[in-house]
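**Student:** Going down the list, the sequences are from chains A and B.
For our numbering, add 697 to where a residue sits in the first sequence, where the first one is 1.
For our numbering, add 579 to where a residue sits in the second sequence, where the first one is 1.
Fair warning: there could be bad hints in the mix.
[As the list claims (entries may be wrong)] Stretch by stretch, here's where chain B covers chain A in the computed footprint (C-beta under 8 Å, at least three residues):
no. : segment
1   : 955 to 967
2   : 991 to 1005
[Said to hold, decoys possible] Label pairs and their calculated CB-CB ranges:
no. : chain 1 : residue 1 : chain 2 : residue 2 : range
3   : B       : Gly607    : A       : Asp934    : 35 to 43 Å
4   : B       : Met583    : A       : Arg725    : 49 to 57 Å
5   : A       : Leu924    : B       : Tyr602    : 37 to 45 Å
6   : B       : Tyr602    : A       : Met698    : 24 to 32 Å
7   : B       : Met583    : A       : Ser736    : 46 to 54 Å
[Claimed, not checked] Calculated from the model, a selection of chain A residues having no Cβ within reach of chain B, i.e. all distances over 10 Å:
no. : residue
8   : Val701
9   : Phe702
10  : Phe708
11  : Asn759
12  : Ser762
13  : Tyr765
14  : Glu796
15  : Asp832
16  : Gly833
17  : Glu846
18  : Leu946
19  : Glu948
20  : Val1011
21  : Leu1012
22  : Met1030
23  : Ser1031
Hints are computed from structural coordinates only; laboratory data are not their basis.
Please read these numbers as outputs of a predicted model, since none were measured by experiment.
Glycine is no exception: its CB is placed at the ideal position from the N, C-alpha and C atoms.
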Amino acid sequence: MEGVFWFSVLFVFYVYLGYPAVLLIWKRIGARPVQKKYSEPTVSVVIAAHNEKQRIEEKLRNCLSLRYPKDKLQIVVSLDGPTDGSEFLVWKYAAQGIEMVHSRQHTGKAGALNRAMRRATGEIVVFADVRQMFDGDSIRELVANFADESVGAVSGELLLMGKGEQEATTDVGLYWRYEKALRSFESQIHSIAGATGAIYAIRRELYEELPEDTLLDDVLTPLRIVLRGKRTVFDADAKAYDTVACCPLAEYGRKVRTLAGNYQLLKQLPESLAPWRNPIFIQFVSHKVGRLLVPWALTALFVSNLFMLHGVYVLSFSMQVTWYLFAGAGYLMSKREIAVPALIPGESKRAA
Amino acid sequence: MKRMLSLPYTFVLMNWAAVAGLYYFITGKKDVWSKSNSWHKHKT
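Produce the entire structure from the sequences given, and follow the hints as far as they go.
**Tutor:** Quick look at the structure:
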């Protein structure tokens, strides 16, 4: 039991603290800076959407205002079986050059992306979600990375904004900042293990059709590119903006989907677990696979501690129990906070 | 006090998401679209 206990402790600490420390040292001795150079190749912005009547126009206006030559920028909106009339709104922008790929069938995001990619003509393809807005220079910044021949994909930075114009410092916001720091370190060494769906770009020639049930196109496509010998880098100068989730419970649904997608990824790309095939094997296992295993390590830690309630282990058990009691209290507090805004007129409208 | 409670809560919830993710993956309960985030507060 002692072995299980200490292995679990070391594992959890490695995933959250040890691995970032390893990256910090690794990037100091083996950083590979990207040779950015500003140029203006043809670019296709691909936006996949289902029912986005509320937000699609804002996104289209955002894309039309990007600082990039209009004759080199193609914007393709791929609608996946919308039932809310999104297609009529997109159609209004046809005269301004917005191209629409409309499927009556609802097949999922991967299918929508595949259809859009058959229409895309740009040398570089930028993928975007409807909800997040691009910074005016984001395309220019993303594209500059492709001057480096070793780069096959680039992820931009998604800023989760809190109140005012500041990046959020709530727990969800801090968690996201921690994630971005890891990606930045990984990028400086070789590649990140997944891009940000809201803003990432690839060389069009490297795109491979996605299986229709794919959950994480923004991880599968960049990882395929890495397995083909190119780099997937992170560029914090290419920015997109979103608002931070109001509470951890709001982030939970997205996280479940992401982590289910990581399991799916292991099935779709088993070669990612082969160190001789995956040039970022250590990063992939430490970052992606490690996160999948931490809950089991935490369970093993708790259970093994139950069998060793003596000496220093009494203290470790007390600490664990306190931690989980605090988590339970945090849950109750969070539930109360969600309920309160609904009682305030105006505030509930914003949350809807 | 709020941070003291919400940090362990966020940590536990994010780890529980990995267990739920495995369940969703095994049972095939997968949303083909990420849900529009109605929980997010949007700028007005």
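**Student:** Hint by hint, say whether it matches the structure.
**Tutor:** Tested hints:
1. 955 to 967: Result for this restraint: holds, n = 7.
2. 991 to 1005: holds (count 3)
3. B:Gly607 to A:Asp934: 35 to 43 Å: Distance hint for Gly607 of chain B, Asp934 of chain A holds at roughly 40 Å.
4. B:Met583 to A:Arg725: 49 to 57 Å: violated, 34 Å
5. A:Leu924 to B:Tyr602: 37 to 45 Å: violated, 28 Å
6. B:Tyr602 to A:Met698: 24 to 32 Å: Given range 24 to 32 Å: holds, Cβ gap about 27 Å.
7. B:Met583 to A:Ser736: 46 to 54 Å: holds, 50 Å
8. Val701: holds, 18 Å
9. Phe702: holds, 18 Å
10. Phe708: Holds, since 13 Å exceeds 10 Å.
11. Asn759: holds, 13 Å
12. Ser762: Given a closest Cβ separation of 17 Å, the condition holds.
13. Tyr765: For Tyr765 of chain A, whose nearest Cβ neighbour in chain B is about 24 Å away, the distance exceeds 10 Å, so it holds.
14. Glu796: holds, 21 Å
15. Asp832: holds, 15 Å
16. Gly833: It holds; Gly833 of chain A is separated from chain B by about 17 Å at its closest Cβ, greater than 10 Å.
17. Glu846: Holds, since 33 Å exceeds 10 Å.
18. Leu946: violated, 7 Å
19. Glu948: Non-interface label fails for Glu948 of chain A: nearest chain B Cβ at 8 Å, not farther than 10 Å.
20. Val1011: holds, 20 Å
21. Leu1012: holds, 17 Å
22. Met1030: Violated: least Cβ distance 6 Å, not greater than 10 Å.
23. Ser1031: Not fine: 6 Å to the nearest Cβ puts Ser1031 of chain A too close to chain B.
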